[in-house]
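Student: Each chain, letter by letter, is given below.
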Amino acid sequence: MNENRQDNFGDFFRSKLNEDSPAENQWNVPPDFVFENAMGTIQREKDKKKRRFLWLILPALLLLGLIGFSVYTIQSVNDLHEKVNTIEANQNQATNAQKPTESNILTNSSTDNNSIISDTYQTSSNDKSNFLKSEDKIAQTPPVNNKSFSKKTQAPFITTENKNAGSSKIESFDILPTQTNEENTEESASALHKNQIETPDFLPVRFGLLGISEKELEGTSLSNPVEKTASKGGPFFITFYANKNLATIGMKRVPQTMSQNLTRYDQNYGGYGFGTQLSYQASKRWSFGIQAGYNCFHNESMLQETMMYDTDKEQTDPQGLNTYSANFNIGTPMGDYEYDANFRLGSNNIPDETPLIHKTSISQTLHSFNLGALARYSIIKKSNWDWFLGTGLLVDKIFARENNMNTELYHNSSMMFKQEMNTTKMDNGADVFYSLMGETGVRYHLNQKTALILQAQYNTSLTSLREAQFSGDMGSYLHDFNVGVGVQLGL
Amino acid sequence: MRDVTAIINQSKKGDSGAQRRLYEQYRTLWFMICQRYLRSRDDALDVMQNALVRIFTKLDTFDQELGSFKSWSSRIMVNECIMFLRKRKLEFEHLDGGDDNLFIQEEENPIQKLSAEEITKMIQKLPDGYRLVFNLNIIEGYTHKEIAEMLGISEGTSKSQLFKAKNLLKKQIEVIF
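Going down the list, the sequences are from chains A and B. Start counting the first sequence at 5; every next residue gets the next number (the working numbering). Start counting the second sequence at 552; every next residue gets the next number (the working numbering).
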């Protein structure tokens, strides 16, 4: 009877509220802007997907272009190298055939050879000193005195006595002066080392690979040291060395890391970074560089709650079961911990009640360009190895930011609901953040053309990548540490 | 029915005109659902807007052979409403019990004259927990077991929430008549 009455009650409401085509009145017709706004949101999401695709493609194209350019340059350099070898062979022949005189070693060399040398010299005229070093083998011919330059001067390899005649009419060559041990033993060793290691410096391109094992030390708030992280996922790092000064172009993938406490997970899915670094050797030990790059990071915080609505306080439910709960909240300097204990008293059938797991994840994807400056100093510079330290400051300008809130409800390990709320805000969180970089490395020269590099880098963001916007937000910082072994090839 | 199917198919292809027609066809139903679950009209508009985004972005996953568009879209609206309430720290209030004698006397049914708007306003006045369980059970037709699983509460709690919701509705009806 009671059921029938209740059904009757329900039927009444159902019939009134659940019509297939309810009549439109002012109260139940939503304003048009609801539809317009929804369509606008959908369109923005589509545009964002397109932009995301482009931002992934562009750096890849840039990288491919640079690789292609490098290969092309290497080919040209190989051609030059062959020419130089030909010249050397011809010179050796000439030297053997005719004893050198003090005034003119190559006067009797063939005109063709001189032309080739001249062409070569002109091609690499931007790096005269490098060319000079590359031709040191020529200087192994008996040295002659030369009054025109001192030992400190990096004299041009080729001089023309008749300056008006132009490079096509080379009449004589000056040979490098001999350096005595008394004058500069260290310089001699250095010069010898240069002959051994840096001889092909007029070859403008060197590049190699750097394999990196990367780990995020602490991916969360610096002010909350309780949060520990562990590296997950495979790190990936590749660097192309662009010249002898360790100018690089590189790409790295920051791996996923995670920290957690009782109810919260903070996952850093890392991201990708593309960057290029130009270095300038200012002195024997100091080099300075500028860096430009693009970064894409994805951070995610997850707040997991176990909800038991009917056990928040002592109560009597319709089955007559008494439920009690205790709540402990412990505050420590390192953070607050909350622990809920629930228990029941009663002998009746206990309803099958499994806690509901409520997960809210807040994620953010950042796209930023960065510019930076760095300095490197060789603490030790020996003939076949050197140890360098470096530091730099990067400024990242965020140009796109995507925030997502995703809520999921699980019950008995099965997902009941999944809700996504996507919001796009360009103006929240830090707009610019700063990162400090420190590095050290050892470079060991295996031979004239190959060096091994052991390099370690540490980057830390000085500004949170994401400012707190929600209660579950952890305010993530990014720290990445990488160590890798690279091979630097002189080609 | 054929018209709706055609409109849905066109909407899936991104035809904005068809999407608007689909919206105009169901906007009243959808908005009534949102208003039934949420006390404030502004909240109902916000939730409906989010649900629209979801409906139109997930429209390509809708399969007419598995169910009607009305029930599919209504379910999304209901889910949006539930999630909105959860984010606002939904609480199931426990008020004193009341009279169990709740039914509509068909022979003397002045409340039959109540309009849908008036009934919706009555429901909106219920506390969040009562309103949620009442809507899920009475209007959507979920059993207490399903509601309990859905919300992570016991069946008893679901029943008591419904019971108290009905009591409050009855009191409101008594005030009117």
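Because the hints were derived from the structure by calculation, they are not lab data. Every residue, glycine too, gets a C-beta built ideally from N, C-alpha and C. Just so you know, not all the hints are guaranteed correct.
Stated by the list, open to error - Take a look, some chain A residues computed to stay more than 10 Å from chain B by CB distance:
| # | residue |
| --- | --- |
| 1 | 32 |
| 2 | 38 |
| 3 | 41 |
| 4 | 46 |
| 5 | 60 |
| 6 | 280 |
| 7 | 369 |
| 8 | 385 |
| 9 | 402 |
What the hints assert, rightly or not - 30 Å max Cα-Cα, derived BS3-like pairs, lysine-lysine:
| # | chain 1 | residue 1 | chain 2 | residue 2 |
| --- | --- | --- | --- | --- |
| 10 | A | 54 | B | 563 |
| 11 | A | 50 | A | 401 |
| 12 | B | 664 | A | 53 |
| 13 | A | 20 | B | 664 |
| 14 | B | 609 | A | 52 |
| 15 | B | 564 | A | 20 |
| 16 | A | 50 | B | 621 |
| 17 | B | 664 | A | 50 |
| 18 | A | 53 | B | 638 |
| 19 | A | 53 | B | 564 |
| 20 | B | 710 | A | 20 |
| 21 | B | 609 | A | 54 |
Student: A separate judgement is required for each hint: does it hold in the structure or not?
Tutor: Hints and how they fare:
1. 32: 5 Å, violated
2. 38: Residue 38(A) not clear of chain B: closest Cβ-Cβ about 5 Å, inside 10 Å.
3. 41: 5 Å, violated
4. 46: 6 Å, violated
5. 60: 22 Å, holds
6. 280: 38 Å, holds
7. 369: 18 Å, holds
8. 385: Check passes; 60 Å lies beyond 10 Å.
9. 402: 25 Å, holds
10. 54(A) / 563(B): 19 Å, holds
11. 50(A) / 401(A): With a Cα-Cα distance of about 24 Å, the restraint between residue 50(A) and residue 401(A) holds, given a limit of 30 Å.
12. 664(B) / 53(A): Outside the cut-off at roughly 52 Å; violated.
13. 20(A) / 664(B): 10 Å, holds
14. 609(B) / 52(A): This hinted pair holds, its Cα atoms lying about 17 Å apart.
15. 564(B) / 20(A): 35 Å, violated
16. 50(A) / 621(B): Status holds; Cα separation ~26 Å.
17. 664(B) / 50(A): Not OK: residue 664(B) and residue 50(A) at ~48 Å, beyond 30 Å, violated.
18. 53(A) / 638(B): 28 Å, holds
19. 53(A) / 564(B): 18 Å, holds
20. 710(B) / 20(A): 22 Å, holds
21. 609(B) / 54(A): At roughly 18 Å apart (the allowed maximum being 30 Å), residue 54(A) and residue 609(B) satisfy the hint.
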